[in-house]
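Trainee: The residues making up each chain are set out below.
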Amino acid sequence: MRYGMVIDQQKCVGCAGCVFACKAENHTPPEINWCDKIITSSGQFPDVRFEYLSTMCNHCDDAPCVKGCPTQAMHKGEGGLTLHEQEKCIGCKACMENCPYGVISFNWQRPHQEWQENKGLAAGTFTPSVMLAEAGGEGSPLSNPERGGSYPLMRSRGTVEKCNFCDHRLKVGLNPVCVDACPSNARVVGDLDDPNSEVSMLIRKYDGKPLKPELGTGSKVFYIRRYTPENR
Amino acid sequence: MDTKDGWKLSRRQLLLGTGSLALASLFAPKLIMAAMAKAGVVYAPGSGKWVGTTCNGCTSFCAKQVYIQDGRALHIRGNEYSKVHGTASCPRQYLALQELYDPDRVRTPMLRGNPEKGRGIDPQFKSISWEEAIKLMADQFMALREQNETHRYVALRGRYSYLSDLLIKNFTQVMGSPNAITHSALCAEADKLGSFFTEGNWGYRQYDIKDTRYILSFGVDPLSSNRQVSYYCKEWGNTLDRAQVAIVDPRFSASAAKADEWLPVVPGQDAALGLALAHQVMVNGGWHRPFVGDFVDGKNRFIAGSEVEPDSFKEQHTLGLVEWWNLELKDRTPEWAAELCGIKAEQIRRIAVKLADAAPKVQIWRSRGAQMQHRGGYTAIALHALNGLLGSIDQEGGVLKWASVPLGKMPSSKKYVDEVGSHGLKMEKIDRRGRLEYPALKKGKSGGGVVTAAVAESILSEDPYLPEFVLGYFNNFTFSAPGGQQWEKALKKVSFVTHLTTNISEFSYYADLILPAPHFMFERWGIQKTAGNRYTQVSISQPAVKRLGMSVEDECGLPWLLAEELAKRGFENPLNYLKTEFKDPETGREPTSADEVALYATKILTQTFWDPAKYKEGDHLSGWQEFMEKGIWNSKPYAFRKRWSHMKTKSKKFEFYSETLKYALQKHAKKHHTDVDGVMQATGYLARGELAFIPHYETPYRFGDESKFPMLFVDYKSRLNREGRSANTAWYQYNLDIDPGSHKLADAAKLNPLDAQKLGISDGDTIRITSLQGSITCQAALFEGVRPGTVAKAFGQGHWAYGRTASQQFGKTPFGGNNNELLPPVYEQLSGSSAFYGQIGVRVEKV
Amino acid sequence: MKTANFNKMLLALSAAGLLFGGYFALMEWFVGPMFVTNDALFWTLPLVAYIFLALTSTGISILMTAGELLNNKAVIAHKPVLLTAALSLLIGAFAALTAEMGSPLHVVWLLFSPNLSSPIWWMGTLYAVELLLLGIKYYALLRGRPLGSELWLTSAALCVAVAAALVLGSVFGTAVGRTGYQGADASVLTLLCALASGMSLAPLLFKEQAREVLQLPGRSMLAGLALFLFTLYLYSSRSTVVAEIVWVQLWMPLLLLGALLAYKVKPALSALIALPTVLLVELFFVIQGQMQVLGPKQTWLGAVQSYMPNTAEIAILIFGCSVAYLCFFLFNRLALRPGGSAD
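Taken in order, these protein sequences are the chains called A, B and C.
Numbering of the first sequence is given in the working numbering, commencing with residue 1 and proceeding in unit increments.
Numbering of the second sequence is given in the working numbering, commencing with residue 233 and proceeding in unit increments.
Numbering of the third sequence is given in the working numbering, commencing with residue 1080 and proceeding in unit increments.
Some hints could be false.
[Unchecked claim] One side of the interface only, derived from the structure: several residues of chain A facing chain C at Cβ under 10 Å:
hint: 1; residue: Ala73
hint: 2; residue: Met74
hint: 3; residue: Lys119
[To be verified] A partial selection of chain B residues facing chain A, derived with a Cβ cut-off under 10 Å:
hint: 4; residue: Gln330
hint: 5; residue: Pro696
hint: 6; residue: Arg1036
Treat the hints as calculated values from the structure; they're not laboratory data.
Beta carbons: idealized from backbone N, C-alpha and C, even for Gly.
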C-alpha cells in the first residue's frame, strides 16, 4: 500500500477550498497552510495567464526531510506516508532545508495565542478568551478533536508542521479532507501500488507527473492535464 | 505558561522517566486528552454529525451541511441531497466558521453612551439586557403611534432569508409603516430587468453548462461570485472538455484564467460589444431559426447599413427582430464597436461565427458589472436579446430560468393593521420609488421595486419626511451602498437607530441600540432557494450549534419580543398576528416564544415540501422530521422549451421589440403626466422615441472629468467575499491571493504595469485613489490582467469598524479603502438599481 | 601590562556582550522569536555564529591534537591554552545554537532518538562527543597528570574534529533541490573554513617566540581556503544556470590573501582580517541556499529573499563570542591556578 494523490489541473478552478478545509481539519494557525498553492501569473496584456497549483507534502518515497531529520520526528509511516511526530521535533529546520518543495512550515510564534487575549471592542462584545470559553475547543474554537487524537492540536513554538495526508482519516477509511472538500473533484487519493486504482489509472491515462521529478525523491502527488484550456 | 514549557516537561518525562505531577499540570491539554481517553471520549474521525443548513455568504444560497463534533461547527460542505450542487462547494463557505467564532461578535444588546455620532468618535456602548432593549424600542413605537406618525419607522433589510418578510414587511405593516426597505436595488435589480423586458422573467437565470458548447460571459466570474458558484466550480473543468469559454471583463478574473479567451472590454462598453455580436450573427445568418424564424424566402437580407422589410421575415417565438435591426443593429458593425469597446473587430467577427456554430447550445451570461450602470438597463436587455437571437432560451445547454417553486407565503398581516397603522401606510415610501425619476419598474410596475440607496438622500433632504426610528437588520449600507459617506451623514440625522447585527459594523457605529444577531448559517432558522443543474432547490437554515452570546432569532424572534412588550402596553395586534397566524402546522399549537415563531414560520412556508398531504411536485418527503434532517427539497427537473410563446411578456413571445417595456414606460409616463421621452430624460437615458423599447446602445455616463480623473475604476467581488462580512476573518486576509493579481494581507488595487510606470508606482506601494465622490488609500498590485487605463479593486476591504482584523484601527482607520466611498450614489433608474459600475473616473497617485 | 589591560578590556567587553546577547537569548528561549527569519530563510546569523565558533574550535582542536600526535614540542607546550580555547569556542558555539533553536534543551534532545542518515544528527553528536573529549582532556589537565588513554583520546579528538567539520558541510551539501548547496564542496568548504579560522586564531594563543611552527600550516590553510574560494568564484561566475545566485565574491579570497601576507609579521591584524572574512564566507554560503523561495512559500514571501541581520541576530553572535571568551578566561584561570598543572 502506497498512498498517492492525483490532482486534475483542468478540473481545478483554483478556489482554495482544499486550503480552507485543511485549515479547519488540522487546526493550522492562519499563517501556516499545510495544503497551499503556487500561483503564477504570466504573459502581457491582453494575453495573460494565471495558474493555480495546489501543493502539499508530496510524501516522497525517498523523503529528503526524513533523511535530514536528526531525531526521527519526521519519519515514514504506514502506507508510505511521511509523518511528523511533534514530540520529537527539536526545531532544527533540517527538514525545511531538505524539502525541495517548500511545504514544511515552522511555528515561529506560539500558535493560536491570539485566543488568550481578553480585550473586547466594546462592553457588549465577545473577547477572544470569552469566545473560546463559551464556544469550547482546545486552544481555539476551531480546533478539531478528531485531529487531536493523533497529532497535538496545539503545536509548540519552535517546531515544524506539515501535511500528513490526513493519516487519521485514512486510517478509518475516509479521504483526506482536501479530497472531499474539492468542489471540482479534482483530487483523487488511492494506492499507487495497485495498478487498477483510480490514481494509477489517471496517472497512466494522462501521463501524470509529480513536481520536480528530476530530483528523484519519489514524490507521490501527481498532476494531470492543464489549468489553462488547451487552445489558449 | 507557554505550552513550550509543558512540551519540554513532557519530553523529559518521555526520555528520562521523571517529572512530577505538579509540573506536568503545566501541560494541561495533554492531561485533558488523557482524561478524555480515560473517560472513553474518543473523537473518531467521521463520528460527528452533518446537519443541513444554508449558506448566505453570497447569492448562490447553496444548501449546506455543517459538521458538528464536540458541540462545535468544524466543517462545511454542500448538502449531499442537493440536486443542484451536491456536496460541491466554494471557498467562502469555510470563512463562515470564522464568522461564527469571531471574537469580535456582539454578545449582548448595547446602548450608545455618547450622543455624538461619527467615525472615530467612540460611541461608548454599554451592555444592556434584552428587556431594556425591547422596552426602548417599544417606547419608540408607542411614541410614533401616539403622534400618529408610524410611517416614520423605517425597516432596512440587507441580506435575508424568506422568513425576513415577518420582520421587515408584515411586522412593519402592522406597525403602520410603508417603509419595508430591502437591499435588492444594491443587489441586482438591473439584471432582472434584462430578462423581464425580453422574456417576462423578473428573476435570475441558470446556465446549463453540462451540455453547452459556448459560454460568452459579460462580466460574470461564475467561479467566484453570483450565482451558484458551487455548481459551476463543480462542472467547469468538465465543461472545458466540450465547450469554449470567452470572458468579457475589464479585469482578468478567476474565470478568465479558466477560459479560452479573455476580452478585456472598456468599462461601460459591454453593450457595444453585445450589439456588434448581434449584428454580425445576423449578417452571417447565424440566428437560431427554430426559435427566431427566418426570411420568408430563406434569403438573408441582413446587410450592414441597410434596412429590411418587416414582412420579409417571419418570426417564430420572438417579436420585433426586424425592428431591432432597422432601428439599431444595422449600423452596429464590429468596426463601430471596436472603437468603443476596445475589442478588435476581427475578434468580434470570430466570436460571432463561433456563437452561431454552437447555437442554440450557447449561453450569454451577464453580471452586475455590465448592467448595474447609470445607463445600464438597455445593456441588460441587449445582452439578453443575444440569447434570444441564438435561440438558447430554455434549451439544453442554453439559458434557463429558475423554476418557480411552491414555496409558501408569509401569512398576511393586513387585517391586523389598525386605524393608526392605515394612516401611516398611506404615506409615500421613504425610498421615493415610483417618482418620475425613479420608475423602479419591478415586473413592469411603476414603483414596484425598491430604490434602496435613495433612503439616505431622503433622510438628508427630509423629503418626503425624516424618519425617527430606523431599524437596520443584516445590512451595512454605510459600507455596502455606493456613496457610503452619504449614509453616515443620514444616520446621524435619525434620532433612534437600532441595528441588529453580528458585528459592530460601520452602520452599527451610528446606531443608538445594537442587538446581537445569530449567525445565519448555524444559529437560526431561515429559508433560501437557488437553481442550477436544471433544478431549483429550497433549503433551510437551522440552529446547528448552541447560540453564542445572547442573540435571539432575528427575522421571527425579534417581532415576537417586541409584540409581547407592545401587548403589555395595550397594543395587542402584533402579538395577535403572531399567535393566530403562526401556529405549528403539525400540532396547531400557538407559539409561546421567539424560537417557536421562527420554527413554526419555517414549517408554514415550507409545508408544501415536507407535508405529504400538501405535496405538489419535486422531492417526496415523509414529513417535517425528514425535511429538517435533510434540510432541502429539490424541484422536478427543468421543462425545456415550455415557455416558448408562453412567456410572461405582453406578446407572450421573446421580445426584441419590448411591448412589455413600452407598456410599463407609458404607464409610468402617464402617472406623471409626461411621455416616454420625458421618462427617458428624467432617468438619464439618451434614447428618444421608439429606441426606448428596443435593446440599443447608450453612451456610458462618465462620472468625473477625464482630465481630472483620467482612469476608470472597476469594482468586483473577491472569491472570498461573504458579501461585506468576511473581512474580519484571518482566513480571508491570509488567502486573498487566490484572486488573480491580488495580494494577501492587503487591500490591493490592481494596475496595469504600463500605467504604474507612468504614475511612478511599484508593486506594493501605498496609493490613493480619488473620484468625485471620495478618496481611499490602499495597496498597489501590478498585474497584466488589468486593462490599461483602468484600476480594478475588489469590494470587501476598507472596513474601519466590524472588528480588529477587518480594520486597521477599530472605529477609526480602515484597512485599505472601501470602494463604495469612490462610487457615486447614482442609479440605473428604470430598475432603481444602484450603479456600482460603468465609467467611474478616478485619479491614482502614490502616497 | 599592555596585554593585561587589553585582557581586562576584553573581559569587560565579554561581560557586557554576555548581558546584551544574553538578553536576546533569554527572549528567544522564553518569550518569542526576534530574528528576521521566515519559512524560506530560516537559518541566519545565529546559526552562522554557531558554525563559525564550532569550526574555529575544530580548527584549533585539529592543530592541538595533530601537534600532540606528531609530538610537536611547540604545540604540546601550548596545549593548555589551545585546549581551553577549543573547549570554550565550542561552548560558545553551543550557546549560540541554543538561541538559534529556541531552547537549550532542544540541543540536548537531539542525541536521544538518533537518525543515522541525518547529517545534523551526526554533526550534533560529533560535536557533543568532541565537547566531551575536550572536557575529559581538560579534566586531565586540571588533574595535573595525563590519563592512561591520552593517546587514544587525542587520536579520537582529532578524528572527531575532522569528521565534525566535514559533516557540518554535508548538512548543506546533501540538500537536494536547493541551488548552490548540493555537493561535496560544501564539506570541503567547512573543513577549510575550520582550518583557516583555527590557524588564524592560533598565533594569538602562542607565545611570540613559538609561532614559527604555525607559519607553514597557517599560511597554507589561508591559501587553501583562498584558492578554493577563488576557484568557486571563477566557476560560479561562469555559470549559466539562471537560478543560481552567486555567493562567492572576489573580495573573499583577496582578503584571505591579505591575511596570509600579514600572518607572520602582524598575526593580530591577520586574524582581524581572516576571522571576519571566514565568518562572512560562512554567512554568505548559508544564506545563499535559502534565497530562492521554494514552492508555495513563494505565495507568502515572494520568489527571492534578501537578508540583513537585525540587532537580535547580531546579539546572538556577540553572545556566542562572549560566552566563548569568558569560558576561555575562566578555564585558563582554573588551569593556571596554584595546584593546576598547566605551563
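Trainee: Which earlier hints turn out false for this structure, listed by number in ascending order?
Mentor: 3 and 5
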